[in-house]
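Colleague: Given chain X's structure and the hints, the job is docking chains R and Z onto it.
Here are the chains, one letter per residue:
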Amino acid sequence: MTGYWVSVVGEDWRWRAFPTRGDYGAVPLNQVARQIADTWDPAKDAAAGEACKAFAAPSVMRIPGRLHITWQDDQTLKIETDSGKQTRLFYFGNLPENKVEDLQGSSKAEWDLGNAGAGGLFFGRGGAAAGPSGSLKVVTNRMKPGYATRNGVPFSNNATLTEYYDLVKEKSGVEYLILTTTLDDPTYMSQPMWTATHFKKQGDATNFTPVSCDGK
Amino acid sequence: MKRTLMLLFPTALLLASTLSAHHSFSATYDTGKTVSIEGKVVQFLLRNPHSFLHIEVKDKEGKVAVYNVEWAAAGQLNGTIASSIKAGDLVTISGNPGRDPADLRLRMVNIKRTDGQSWGFDPGQVVN
Amino acid sequence: MKTIYLLVGALLVAGATIGAQVQTPGASPENGAGLGPMVAGTDLSGSWRPQQLVTESQTAAGDLADFGGIPLNDAARMYALSWPASRQTVKQHQCMGYVTPYFWYAPANYRIWEERDPFTQRLVSWRFYGQIAQGDRTVYMDGRPHPPAYAPHTFAGFSTGEYQGNTLTVTTTHLKRGWIKANGVPQSDATTVVEHFVRHGDNITVLAVIDDPVYLTEPLSKASMLVRMAKDPDAWLYPCDDSEQIFGRKSDVVPNHLFGQNPYAREYADRRKLPLLAALGGVETMYPELANAIRDTTAAENLAKARMMPSGPPAVSRAPDPTPKDGEIHTMRVSGEVYLLAGDGANIAVQVGPQGAFVVDTGSGKLADKVIAAIAKLSAKPIQFILNTTFRPDHTGGNAKLQMAGADPSVTGSFFSMQFQGAGLAATIISQLNTQSRMVEQKLPAPPSDTFAEDRRRKYYNGEAVEAFPMPNATTDGDSIVHFRRADVIVAGDIFTTTEYPHIDTKNGGSLQGEINALNFILDRTVYIHDEDGGTMIIPGHGRVTDEWEVAEYRDMLVIIRDRVQAMIKAGATLQQTLASRPTFDYDVRYGATSGPWTTNMFVEAVYTSLKNPPKTENAR
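Residue numbers (our numbering), protein chains in the order written: chain X, 1 to 216; chain R, 1 to 128; chain Z, 1 to 621.
Just chain X, same shape as in the assembly (with noise of 0.2 Å):
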């Protein structure tokens, strides 16, 4: 899973590229989170300071950009995202104490091997050495409230995001890394909020670009 991959934008690419205020496509957010959602306004956020609040875990995966992953040490994954210059730190070991709640949450990372019969968990690093057969399974909660999509559906502080990474090759070589997405927000949403991402796998560093949550 480590390397530089990029975001295949694919079909989605009106509501992850150009989001707009009132467009929520299928996402079963609730009244309450509507009436918040209709008064979003990125210039005030940015003006505010708060312009990274569309980067926050849940939707900043969907952001058209590029990811850098790599073993921050044996039991943390690291992603480095150059939209929004975000960082995400995945502890398949204990938790930090005390940390500071922040847009990224925490999140708790294992293995899951699945129907491959071992139980499911596994340790860190040498997990992924063991080869693509089976996912990265991330829970990550503890967020500082942020927005679920990038054109404000809010997400609460209550809010449980379950990822799910999964490396496929081609016989091209090719590889995607399949993203699988669970946000579970009884506070904003009527029922889970499912999203379904993949990104393509990039030989170097090119076109890593990182820009901050304000566009500069």
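Worth flagging that the hints you see were computed from the coordinates, not collected in a lab.
Mixed in with the good hints there might be a few duds.
[To be verified] With a cut-off of at most 30 Å between alpha-carbon atoms, the simulated DSBU-like pairs for lysine-lysine come out as follows:
1. R/K63 x Z/K616
2. R/K58 x Z/K459
3. Z/K570 x R/K33
4. R/K40 x Z/K570
5. Z/K250 x R/K58
6. R/K63 x Z/K570
7. X/K216 x Z/K273
8. Z/K305 x R/K33
9. Z/K91 x R/K112
10. R/K40 x Z/K250
11. Z/K570 x Z/K616
[What the hints assert, rightly or not] Taking CB as the label site, the calculated pair distances span:
12. X/V174 x Z/P313: 26 to 32 Å
13. X/V174 x Z/G535: 23 to 29 Å
14. X/N207 x Z/G248: 52 to 58 Å
15. Z/D234 x X/A43: 30 to 36 Å
Nothing here was measured: the structure is a model prediction, and the numbers come from that model.
Virtual Cβ for every residue (Gly too), placed ideally from N, Cα, C.
Modeller: The following block gives chains R and Z in isolation, referenced to the frame of chain X:
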């Protein structure tokens, strides 16, 4: 019987469903407009996924054209006016006009026959 | 401690990996082993519904002129911009199936189940069923090969699968032309689709990679999701019957927008206040770099406008030719007792049975001995009849040898054998009268002796009705088609191919309208089994065996090109001006040629000539 083609006021932009499996209604019809036709049934095709009614309409100059009205699936029309509609019936139909004028096509909103039987006025009676 | 965990973990994972991936060598039914591999992997069984994700983009249709995120090339874009929704009123489009992977993008129910060998319990296949269009897919897990290139295509395609760890990877070929998006964005019949299925709890994520060398500049990958339904929804059918939706519409009307005249081309971009360049799609709309492409709004708008008309160098077909070129004759049963013999120029059709062999066309003659040998494998009795659909040498080159290898016992010992020496000692060759005349004129060997002019020629042979119909002024003035009625196979000759534009020979009486009429004649005789799949099979003059769908596509293409050329003629355009307008632009990537015996320009010239000066004998059917 007066047979005229009337353009009614445009309806509010409606629930054009891009969920339609076979085609997007908003791609096929101008779902922001409703027009009305009066005429004689030429043929009724009870079909899946959509039935069709062909209506002969005479305009103000006396020119005759056949309009093609897309209606609901056969199963949806059980026990309705569709069970008795036949060539020769005189009907008034409101519908969304097709985007291609050459098709002379409408998506049924409602239909009323001279004997008072109708469809499209009750909840659930929607072409989707 | 960390090292112990890693070691234990490695052993666990290694065991799991082996468990997940043990397969016996790819045994397949073809080699007689028939067991198939012992496959273990994620269980996908159950009833599922599509989960509409954040966006609406998972649904089938989409808005007009929204091609964003799709790496379509210029030809595909023009194809899509020429498409109006009223194209769906064309009879053959009303009930078309859902091509893979579009199969997954309908708001309806799905069911997935396994099929196992009853004796060994080995996994033979996965089955996917989709309610809309009652799509039915089989994914073979037993290592069997895909069919040859000249085999028919279907909307489901032919799929084989394997597990990569917990991921089921399915490769599908032999797909019909369908939609990438049902707002006009095509997926060609040269496409290979790879789908990766990953299950997590009650969700399946499907990543489909569409590799279409004809209409995409690079593979399109798209992710969608299914959610398990705990209870069977008990709603699985989707009946569809085509009908005359537009009353009185003729069969050679195919709604289309002329280039540059789509009134809705800007609608989506304008309504949503999006850059038109992005809405028109292209590879840059797949990636974050789109932001750069639209930064200069004036340049972006100009580029978008340019992309709404044909441009760029002439294109040639990017679809592989399925005709075998290995010097061998390949035999495939089509239906009943009718076979395709491919490999010697044009396709050869053979019907066999207790009376003998009825051959339609004889190929180029270069491999005539092998053709005869292949027929002898199918038929213990000799070739009795040969029918030539045209005079062209690649269809009649084998006449002499096949004729002499055959015999017509209906003549020997009859009245005729008293009048003609050697009567019945060779096969009888039949054709439309003008084909005989052309062959005699051009001194081609072994011309037909048994002719028909305007009426059908019929025989009852090998237990079925065999009809030959003259097709006036189609590719020539001597074309015919043959319908084997019990097998329900139509041999179309050069009226229909899957490899090139029709070779309309205006010097020998060919015309575009006659060609269109001939295709519509065929379509009036075809019946599909389900939603434009199966039923009447068609053997084309060149290319793969098909059913009615591909014939309808070919007809549609010719009507659309006709409309474009007619518009140019009406505007007073010369031939050169018409050629410059690129009336075949969106089809050149599938059928075009810039060299060889039949080029795109030659085709356009034939269209122009035959529309401006139609042959006098042309009769619309």
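Colleague: Look at each hint and say if it fits the structure.
Modeller: Hints, one by one, checked against the model:
In summary, the hint linking R/K63 to Z/K616 is not supported, as the alpha carbons are separated by about 34 Å, beyond the 30 Å threshold. Only pairs whose Cα atoms come within 30 Å are accepted, and R/K58 paired with Z/K459 is rejected, the gap being roughly 50 Å. At most 30 Å may separate the alpha-carbon atoms for a hinted pair to count; Z/K570 and R/K33 exceed this at roughly 34 Å. In summary, the hint linking R/K40 to Z/K570 is not supported, as the alpha carbons are separated by about 37 Å, beyond the 30 Å threshold.
Taken as a hint, the Z/K250 and R/K58 pair is honoured in the structure, with Cα atoms around 22 Å apart against an allowance of 30 Å. Taking the CA atoms of R/K63 and Z/K570, the gap is near 27 Å; set against the 30 Å cutoff, the hint holds. The hinted pair formed by X/K216 and Z/K273 meets the criterion: a straight-line CA distance of about 23 Å does not exceed 30 Å. A C-alpha spacing of about 29 Å is found between Z/K305 and R/K33, which places the hinted pair at or below 30 Å, so the restraint holds.
At most 30 Å may separate the alpha-carbon atoms for a hinted pair to count; Z/K91 and R/K112 meet this at roughly 29 Å. Pair hint R/K40 plus Z/K250 holds up; C-alpha atoms about 22 Å apart against a cutoff of 30 Å. A hinted pair counts as satisfied when its Cα atoms are at most 30 Å apart, and Z/K570 with Z/K616 qualifies at roughly 20 Å. Checked against the hint of 26 to 32 Å, the pair X/V174 and Z/P313 passes, with Cβ atoms roughly 28 Å apart.
Separated by about 38 Å at the C-beta atoms, X/V174 and Z/G535 break the suggested range of 23 to 29 Å. Taking the beta carbon of each, X/N207 and Z/G248 are about 57 Å apart, inside 52 to 58 Å as hinted. In this structure, Z/D234 and X/A43 break the distance hint of 30 to 36 Å, their C-beta atoms being roughly 52 Å apart.
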